[in-house]
Every structure is written in structure tokens, then in C-alpha cells.
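There are 2 protein chains.
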Amino acid sequence: MEQAEHATVGELGELAVLGRILPRLRSGDAALIGPGDDAAVLAAADGRYVVTTDLMVHGPDFRLAWSSPFDLGWKAAATNLTDVAAMGARPTALVVALAAPPATPVAVLEGFADGLREALAELAPGAGVVGGDLSASSVLTIAVTAFGDLEGRPPVLRSGARPGDVLAHAGARGDAARGLALLFDEATDATGEPDAAAAERVRTEHPVLVAAQLAPRPPVSAGVIAATAGATAMLDVSDGLARDALRIARASGVDLDFDSARLGADPRVALAGAEDHGLLAAFPAGTVPPEPFEVVGRVVEGAGVVRVDGVAADALGWDPYSGWDGRAG
Amino acid sequence: MEQAEHATVGELGELAVLGRILPRLRSGDAALIGPGDDAAVLAAADGRYVVTTDLMVHGPDFRLAWSSPFDLGWKAAATNLTDVAAMGARPTALVVALAAPPATPVAVLEGFADGLREALAELAPGAGVVGGDLSASSVLTIAVTAFGDLEGRPPVLRSGARPGDVLAHAGARGDAARGLALLFDEATDATGEPDAAAAERVRTEHPVLVAAQLAPRPPVSAGVIAATAGATAMLDVSDGLARDALRIARASGVDLDFDSARLGADPRVALAGAEDHGLLAAFPAGTVPPEPFEVVGRVVEGAGVVRVDGVAADALGWDPYSGWDGRAG
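First to last, the sequence lines map onto chains A and B. Letter 167 of the first sequence, counting from 1, is numbered 167 in our numbering, and no numbers are missing. Remember, our numbering sits 1000 above the position in the second sequence when you count from 1.
The following block holds chain A by itself, in its conformation from the complex (with noise of 0.2 Å):
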């Protein structure tokens, strides 16, 4: 008993892990098939589904003295859902695959996978996991792919916004990064790296600035809200506000101008903080846009540039290979 409690996932071997796994995930209501044979059969009612995935690297993504396995499990599920609600789709299922040094604790794979779960039912209530592949390395790495049912709605595109549109966003503005500056202020050791207790103590004292970073509370289920409300553009603000806007921007052609006096005590680090996974949308002139939106300026002719109060700004952002300095911890 003592001995499974302790298991690594190499002692364990595959099967059994799985067999650890298994039952603290449900495949959800879009599951025809789901986990256990080649491959899982979804639903899609209207005869289309919407899908996206992104890596979680140690190092690079998170740092295990500051994050929990169910931290990770909960920001991985939430991430991609997210990008699946700024389609405008329903979120409906993930496959998650993980590759975890053969000494890893199995209760470390267990957490992983109730951060999931949790992060399921609170923000995608329905959606499950019907897949998924282990694998070793020695780099903690996580995969997920996230499906979305559009209901017969057309999906919301980045392309859309049209001068006039009223620009509004859902969701926390600059907090994820500034718990993100609060760990590397606050919880690291003296020669730099990520110090566990340390950051129990920061996260204890800001607990909702670093909950933002760890394992964000997106408003998912703001996406269908935006679509079912006409948004005529809209996409997760994963790297910054002004740096997706400008994705915004481009893809339709127009200029973004944010009014600085809506983006709260600090705009600047509203603008460029990364990570908030909040949902930036467009909606056509005269809306009032449904809550949990809030107005943030508007859409103007242009040639794709963002603007703060009719000025052009530089847009701030995160490359994944620019920014990681090589350190894990």
C-alpha cells in the first residue's frame, strides 16, 4: 500500500498508471467512444467541430516549485478550452497526452489529472476527456488537443471586426502576469531559481494575482455568449491585449483603439501582460455587449494597427523561443 502510494511511473508501467488515471476523468457527453481503443469517436450535431492544441513545457511553460500537478492539469484543460470558446464553439472534449520523467510519482500524474477534471466541470461543464498517450522524456511535457461544437452557429474569426464595431473584453487584465513577476520577484532562492516555499508564502499573501498565473479562471463560457450576441471578431488574449488585438487588427484590417481611462489603474500592464487568457471581442455598432463583456474602446479605419486613445502603440508580447532563459526548476 505504502509502496503504490510512492510508485513512480516506471515502476508502475503504463497500463497500470492508466489504470491510476482512468477514473478520475469522465469522457463527457460528446464521447460515442471514448478512452481504450485506437481512437475515441466524438459527436458533432451540426457536422463540424472545432479544434486546437498547444504544449505545456517545464521550463519554458511552468516551473514545478511554483506550480501543483492539479495547477498544471487545470491551466492545460483551461488554456485550450478557452481557445476553443474564442471560435464561438461549445467546448466539448480533450485528448491529453504527457510525457513525464520514468521517476515521476504516479500521485504527481494523479494530481495532473484531477486539475483536469476539476478544471472540466468548473469551466466546461459536460466536456471530458476521451483520450490521451503517456510517454517518457525527461523534460515534464503536456499536449492537449480541445474539440468545440459551434451548434450551428458560424464559427467568430479574428477577421471579421468592421470600423464602428464596439471593441469589448471578458476576463482578468494584467493579472497573470503580474503573479507571474511576483514569483520571480518574491519566490526564488538567492541564485535565481524557483523556491517551492517561497512561493507557498507569495501565494498565500496574492492569492488571486497568483491563481491567475497558475491555473486561471478564463470565461469560457463567454464564448458562446459572444457569438450567440452577433461578435463579429474574437480571439483568447493568450499573449498580451495589445499584441492580440493586433492579430485582430491585421486579420481584418482595421485599427484597434483601446481607451486607456477602461483598462484599469495600470493600462500598461493591461496591455501587455501575457497569459490572462481573457476573450477580446468585436461587436457590430450599438451593441451592448452581453456580461460578462466590458467595453475596452472601439474599431477604426486602418491598416491594422492597435491604438491606446487614437495613438498607435507598440505592441508588447512573448515569443516561446525568445523568452525562456533555458532554467527548469
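Treat the hints as calculated values from the structure; they're not laboratory data. Just so you know, even glycine gets a beta-carbon here, dropped at the ideal spot from N, CA and C. Be a bit skeptical, because a hint or two may be false.
[Unchecked claim] These stretches of chain B come out as covered by chain A in the derived footprint (C-beta under 8 Å, 3 or more residues):
hint	segment
1	1094–1101
2	1127–1133
3	1139–1147
4	1254–1267
[As the list claims (entries may be wrong)] Not everything, but these chain A residues come out facing chain B in the computed CB check (under 10 Å):
hint	residue
5	42
6	56
7	82
8	85
9	97
10	98
11	132
12	135
13	136
14	141
15	143
16	146
17	157
18	235
19	260
20	288
[Unchecked claim] Simulated restraints, written as ranges between beta carbons of each label pair:
hint	chain 1	residue 1	chain 2	residue 2	range
21	A	193	B	1016	27 to 33 Å
22	A	29	B	1204	50 to 56 Å
23	A	163	B	1228	50 to 56 Å
Based on the hints, put chain B in the right spot on chain A.
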């Protein structure tokens, strides 16, 4: 020009790397919305879709001294397409997430994309790549999720084999394992590390066996052929014929009895060798299995055991955590 030719992914950054990769790929016939938005939208004509996911990790799953970038792309596509085929579905699309060290030459990713494209064109014409993700990691890691269309047919599961059924197989039997043994025996240096020049020599001398390991050509189109002919059970033989047969035997509650005379000169290698990615299927009694399937035995009453010439056989196979010695190469 010389600069761009030898640039690394870290130097170019995500956007520029995508700009070099995406033109090498097509999104395929099922893509209603392809790469470039938060998610893709795919057609599911009969209201269902098949989904499977798989990770390939440098070290346990491939050695860069042996596999070219093209090989890696080819194999990542081929193995996932076979899982879709094993459900009796026609493969329609892939999403591909890749994590690479920042010092990886962009040319490696271009070769990888070429391998994906060519494998799709040869093994699953009409299928394409509809999305992906790029991340940084110290370990080259490839995550593929593949999709398929059942075209109105029921999926062919592992659980449908019945006593009296004909057991048939399509594809190579043991070639991939023979190729891997050749590489380990003849393409390593004095310290046991994989050696690229030696691998080139081995590949010239044994092109079929080495290609079966590094860039397999599984019988993907045979999946739809089997389903149309009424296959009662089917799976992708990735862990060896005996071990994978055991999965059908257990799921169906029957015994599978191989006829060793139909397994070639070395039935033991045919039964134990992993990674051939052939299709093992059961067909109703009296059916002549359609080409390229060959009869290899029969389904008999039993409680989930694999037999050879009527005698219960131990299943030999491969576990992702126990099978890797920690080396990469």
C-alpha cells in the same frame, strides 16, 4: 540569405518559423477553417469524428543520429494515421505541436514539415494539417492528434471479435523490430551511442528493414477496406502482434490463435516485434479477407488468451517507461 538558410528557431522566432513551415503543408479537404485562428474548424459529414493522439520524444522514441527530420515528420503522421485507420475511418486531418530547443535549425522543422506532407499525400490523400503549436524545450518533442471520418459506418472496435472469425493481418510483421536491432547492433559507436554515418551505411545495406523502423509505410487505406468488408474487430499493431492481439482477445472475451506457418520464417520476431503499425483484424467466419489482408489465424472460444498453433503464448511488448535507458543520441 546564408543567414536565413542556417537560422535557428530561437533566432527567427515563432511567427517567422511558422511562415517557413506553413507553406509546406496543406490543410486538406475536410478543413473549413485551417491554421491561423484560435482553432480550426473541420467537417464531419456523418455527425461524428474519430480522434487519436500520440507523443514522440527524442530519446525514448527516436534518435536524431538515425532519423532525419523528414523521417520524423513521416513517422509522426504515419503512426497516427494508422490509429485512425484501425477504427475503420478515413483519415482527414492532423494537428501537430512541436517543442524544440531554441538552437534547432529552422531547416530541421522544414524537413519535418516535408515528411508530414509527403506521408499524408502517400498514405491518406486529401488529408492535411489544420493547426499546431510551437514551443521551446530542451528535448525535441512531437505531439500529433489525428482525425478521421467514419463515412456513415460503425467504428470497428477491439471488442467485436467472435469465435469462428478469421484472423487477418495487413502490413509488415517484424520488419520494424529487425530494423531497430540492426541500428542498435551496427549503427552505434564504441560507447553505444547512435552514430549517424554508420546508420547511413546500415540503411544502404538494409533499406527495407531500416525504413520500416524510421519511416514506416503502414497500410492506412486498409482500414476502410476492412470496415467495408465487415471486420468485427481491428487494431493498429504498434506494440507487437502478440501483445496487441491480447488487447483484442481481452476486449472481445475470446482467444486469438495464430497459425505459425503463416507468420513467415521467424514467427517469434513476427509476434514480438513492435512498431510495424500493421492492422490486425477479425472477419466473420467464411469471409475471405480483402487485400492487403492475409489470414494469420482464427478466433476461438476462450477467456482472453493469445495462442500460437493452439498453445497459449506469453505476450511480449514494450512499455514506454521501462523501455528507455535514458539516452538520446
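**Asked** Which hint numbers does the structure go against, in order from smallest to largest?
**Response** Violated: hints 4, 19 and 20.
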